[in-house]
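Q: Turn these sequences into a full structure, and let the hints guide you.
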Amino acid sequence: MSILVDKNTRLLVQGITGNEGTFHTRAMLAYGTNVVAGVTPGRGGQMAVDGKVPVFNTVREAVKATGANVSWIAVPAELNATDPILEAVDAGIPLIISLAEGIPANDMVATYEVVRRSGARLIGPNCPGLLTPGQAKVGIIPGHIATSGPVGVVSKSGTLTYEAVDALTRLGLGQSTIVGIGGDPIIGTSFIDVLELFQADDETKAIVLIGEIGGTAEQEAAAFIKANVSKPVVSFIAGQTAPPGKRMGHAGAIISGGEGTAQEKIAALEAVGVRVAKLPTDIAQLVKEQLG
Amino acid sequence: MKLHEYQARDILERFGLPVTGGGVATTPEEARRLAEQIGGKVVIKAQVQVGGRGKAGGVKLADTPEEAEAVARQILGMDIKGLTVEKVLVAEAITYDKEIYLSAILDRATKRIVMIASAEGGVEIEEVAKTNPEAILKLAADPLLGLQQYQAMELAFDIGLKDGKQARQFARIAMGIFKIFKDTDASLVEINPLVIRADGTLQALDSKILLDDSALFRHPDFESLRDTAGEPAAELQARESGITFIKLDGDIGCMVNGAGLAMATMDVVKMYGGEPANFLDIGGGANAQKVASALNIILSDANVKAVLINIFGGITRGDEVAKGIVAALGQISRQVPLVVRLVGTNAEEGARILADANLIPASSLGEAAQKVVEVARGV
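Heads up: the sequence lines are chains H and F, in that order.
Per my numbering, the first sequence starts with residue 478, numbered consecutively.
Per my numbering, the second sequence starts with residue 806, numbered consecutively.
Do not take every clue at face value.
As the list claims (entries may be wrong) - Restricting the straight-line Cα-Cα distance to at most 25 Å, the calculated cross-link-like pairs of lysine to any residue (SDA-like) are:
{"no.": "1", "chain 1": "H", "residue 1": "K529", "chain 2": "H", "residue 2": "G544"}
{"no.": "2", "chain 1": "F", "residue 1": "K1176", "chain 2": "F", "residue 2": "Q1008"}
{"no.": "3", "chain 1": "H", "residue 1": "K755", "chain 2": "F", "residue 2": "K807"}
{"no.": "4", "chain 1": "F", "residue 1": "K1095", "chain 2": "H", "residue 2": "A554"}
{"no.": "5", "chain 1": "F", "residue 1": "K970", "chain 2": "F", "residue 2": "L944"}
{"no.": "6", "chain 1": "F", "residue 1": "K987", "chain 2": "H", "residue 2": "K755"}
{"no.": "7", "chain 1": "F", "residue 1": "K807", "chain 2": "H", "residue 2": "A554"}
{"no.": "8", "chain 1": "F", "residue 1": "K987", "chain 2": "H", "residue 2": "G579"}
{"no.": "9", "chain 1": "F", "residue 1": "K987", "chain 2": "H", "residue 2": "G544"}
{"no.": "10", "chain 1": "F", "residue 1": "K807", "chain 2": "H", "residue 2": "A587"}
These are computed hints drawn from the structure, not numbers from a lab.
A: Structure, rendered in structure tokens:
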């Protein structure tokens, strides 16, 4: 088992003929991901990515023709990247992943609400995507650093996740699924959502949670872990030595009940029994100790 | 992007909210003229983007235009927490009975725009939030429909405004704040204090607006509001190149892809006894040109003795990074040791491109940090 993506994933890539779309679809295909369709308005009927993937004009057409059940959106934020999310929701895709960096937060407030009401799940935006080793790579996480195994990884950060996964693999600890949720102010799927999935997944025996300064998602995750997670959790919080950032007036502190420092987050996680690594390179060792 | 108080005040005024009369001055003479126009007692406030201006002596009252000039002369040029005061707001000094608090903020947890209000406004509002959280009311606006009139009225009565006319004025201000939030793509609009005057009317005495940087592309007019005075030249240059850069006081330059990894890299450098000279995130999918700009920005800091380049490619491709490093090496005047760690997407192609360059390779983050600290000490 694994979570969210696996051998049954039938992937659609929105923006497949763009530079990023083509480059990363090629890597996803090479990894063995079942990429069934691409969408670029006006390019319907063509074959993309070295003639391997049929292109459709709309998501609805692509779903009808191929039965796509996951969409990865490679459309950049400059091109109104909430539109392809809403198009995927409207076409009934249950799992949507957005790479776009720099979507205005106010646009995401409304977009998230539409996603939520539809019952679909959005991951990101501004996230590296998902990887279930040996089964499916959806997004930009480098496939060769991962290997199949018992550790579920969930992270706000992109490249820092690769660092942690690489170290796990080197220690002989494979991963069930790696989920990059993104670090934008408004994201579709939170730490809590993914923790819940890992807790329910039989194959996942330990969970790595990688956070960073800002917001209170790690504190909320800590509260959730206390109440709902019986599997061991190892964490790392980036920004432990970062200088105090620019404050968001009084309201930021009032709404969150804190300043979002690494120290606050580490304290909250340690208080519920989570082992917190001092350095990203220590994460793998702590997981090993937890798994005995 | 954070606006100055006077800029926030101008926006509030443009949206029809009650602000105090006055204007901004860059010289003591201008301050006097503004005080003459306002007539009567004025308050002179330093326009710097840090908290605690009042305690630092940056906010003072003046009874006459002559006194306003003298006070402005004291405040202009003053150093407040490392920032030089270049502008002062000269505003009508008003008397009032009570301070309340009102703001709209993007709430990550509920993924909604939340209104916050309290009958106990003023500088101690965060203390109130800690010691007496019941005194702080929060109300989420519908993500599709926005804040409704009845919600704004509810908020007014719930913070204890009893007079219907006053509650209606409060609701108008709350709706106005929400409209400003949406129309300007803010992530925070705050009035603190919103004061109740002797005649029962409300007036905004101080306000803050934070704009969402990701939405600035659709507000080209806001670019002129940007205060670059307090911003180091290198940060300015970085922003124009699409690079996130924050200058720090150490001597080890860092170039990393991704904010999380960039912070973690700094954490590791410190762990090995080094001091980072900067935070630098080249972002996802950076090309050779961006990498070259980043290296030049780092090396423009004379304190930098060595540079650590840590790239874990996903969307960023190792070969592009390598080309950028080679291009930058051809342009820079100053040679410092470069420790490079390149892994992930196209890392092998990158390593081939860098094979002939005079660099110190490292395979892990720990090794890279250790090496860069060693060479920085050796210089």
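Q: Taking each numbered hint in turn, which are not upheld by the structure, reported in ascending numerical order?
A: Going through the list in order, the structure violates hints 2, 3, 6, 9 and respects the others.
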